[in-house]
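J.: Sequence:
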Amino acid sequence: MLNWKIKTFDQLTTNELYDLLKLRIDVFVVEQTCYYPDLDNLDRDSQTLHVFVYGEADQQNDMLAYCRVLAPKVVYPDESAIGRVIVAEQARGQKLGQQLMLTAIEHVEKNWPKYDCHISAQQHLSKFYQELGFEPITDMYLEDGIPHIGMLRRK
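My numbering applies: residue 15 is where the sequence shown begins, and numbers increase by one.
If you're looking for bench data, these hints aren't it; they were derived computationally from the structure. Please read all numbers here as calculations on a predicted model, not as lab measurements. One should not assume that every hint holds.
[Stated by the list, open to error] For lysine to aspartate or glutamate, the following DMTMM-like pairs were computed, each having C-alpha atoms within a straight-line distance of at most 20 Å:
1. Lys124 - Glu103
2. Lys128 - Asp92
3. Lys169 - Asp158
4. Lys21 - Asp33
5. Lys36 - Asp158
6. Lys21 - Asp59
7. Lys21 - Glu45
8. Lys169 - Asp92
9. Lys36 - Asp76
10. Lys87 - Glu30
[Unchecked claim] Just the calculated beta-carbon pair ranges, DEER-fashion:
11. Asp59 - Lys128: 11 to 21 Å
12. Tyr155 - Asn29: 30 to 40 Å
13. Lys128 - Asp40: 32 to 42 Å
14. His138 - Tyr49: 15 to 25 Å
15. Gln25 - Pro161: 10 to 20 Å
16. Asp158 - Met15: 27 to 37 Å
17. Pro91 - Thr27: 27 to 37 Å
Here a beta-carbon is modelled for each residue, glycine too, at the ideal position from N, C-alpha and C.
Construct all of the structure, not just a fragment, from the sequences and the given hints.
T.: This is the structure we're talking about:
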């Protein structure tokens, strides 16, 4: 059974913080060769939610997937946002990305029901996000050398 957690920055344990930063570095920096400052202070905003999942206790207990949910007005004036969406390499193909996003969307709708939700999606994943109710709102643009597209899930 998977162990899902949703926490604010202040609720994270030091081990959870280490695990989420390691996963972000492993995927974004090492795997995708995206050399950028990952620590942007948005993680520490009092309303930011960190959504993540660990495997079963009797298996290797690495963080398997993670994203952060940002409140309206943190980045976008009239939209909440989901970002830093990642699934660990060893956990891909198990629909964890879909479960992760559905969990994040549930918390967006619960906490900020009057706001649309924005994502900056890697372009090759736009169909995945469209299946979750997001629609493209921008043309393709480069973010850290990777093609992205702005997408919105309307309330």
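J.: It remains to establish, for every hint, whether it holds in the given structure.
T.: Status of each hint after checking the structure:
The suggested pairing of lysine 124 with glutamate 103 is violated, with an alpha-carbon distance near 30 Å, which exceeds 20 Å. As the CA atoms of lysine 128 and aspartate 92 are separated by approximately 9 Å, the hinted pair is consistent with the 20 Å bound. The hinted pair formed by lysine 169 and aspartate 158 fails the criterion: a straight-line CA distance of about 29 Å is larger than 20 Å. The suggested pairing of lysine 21 with aspartate 33 holds, with an alpha-carbon distance near 14 Å, which does not exceed 20 Å.
Distance hint between lysine 36 and aspartate 158 is fulfilled; the C-alpha atoms sit about 19 Å from each other, no more than 20 Å. Pair hint lysine 21 plus aspartate 59 holds up; C-alpha atoms about 12 Å apart against a cutoff of 20 Å. Taking the CA atoms of lysine 21 and glutamate 45, the gap is about 26 Å. The hint is violated against a cut of 20 Å. With a C-alpha separation of about 12 Å, the suggested pairing of lysine 169 with aspartate 92 holds against the 20 Å cut-off.
Restraint check for lysine 36 and aspartate 76: the C-alpha separation of about 10 Å stays at or below 20 Å, so the hint holds. Using a Cα cut-off of 20 Å, the hinted pair lysine 87 and glutamate 30 is violated, with the two alpha carbons roughly 26 Å apart. The hinted window of 11 to 21 Å between aspartate 59 and lysine 128 holds, with their beta carbons roughly 19 Å apart. A C-beta distance of roughly 36 Å is found between tyrosine 155 and asparagine 29, which places it inside the suggested range of 30 to 40 Å.
Under the hint 32 to 42 Å, the C-beta atoms of lysine 128 and aspartate 40, about 36 Å apart, fit the expected range. Between histidine 138 and tyrosine 49 the beta carbon distance is about 20 Å. The supplied range of 15 to 25 Å therefore holds. At roughly 35 Å, the beta-carbon separation of glutamine 25 and proline 161 lies outside the given 10 to 20 Å, and the hint is violated. The supplied range of 27 to 37 Å is met by aspartate 158 and methionine 15, whose beta-carbon atoms lie about 35 Å from each other.
Here the CB-CB span from proline 91 to threonine 27 is close to 33 Å, well matched to the stated 27 to 37 Å.
Hint violations for this structure: numbers 1, 3, 7, 10 and 15, all remaining hints satisfied.
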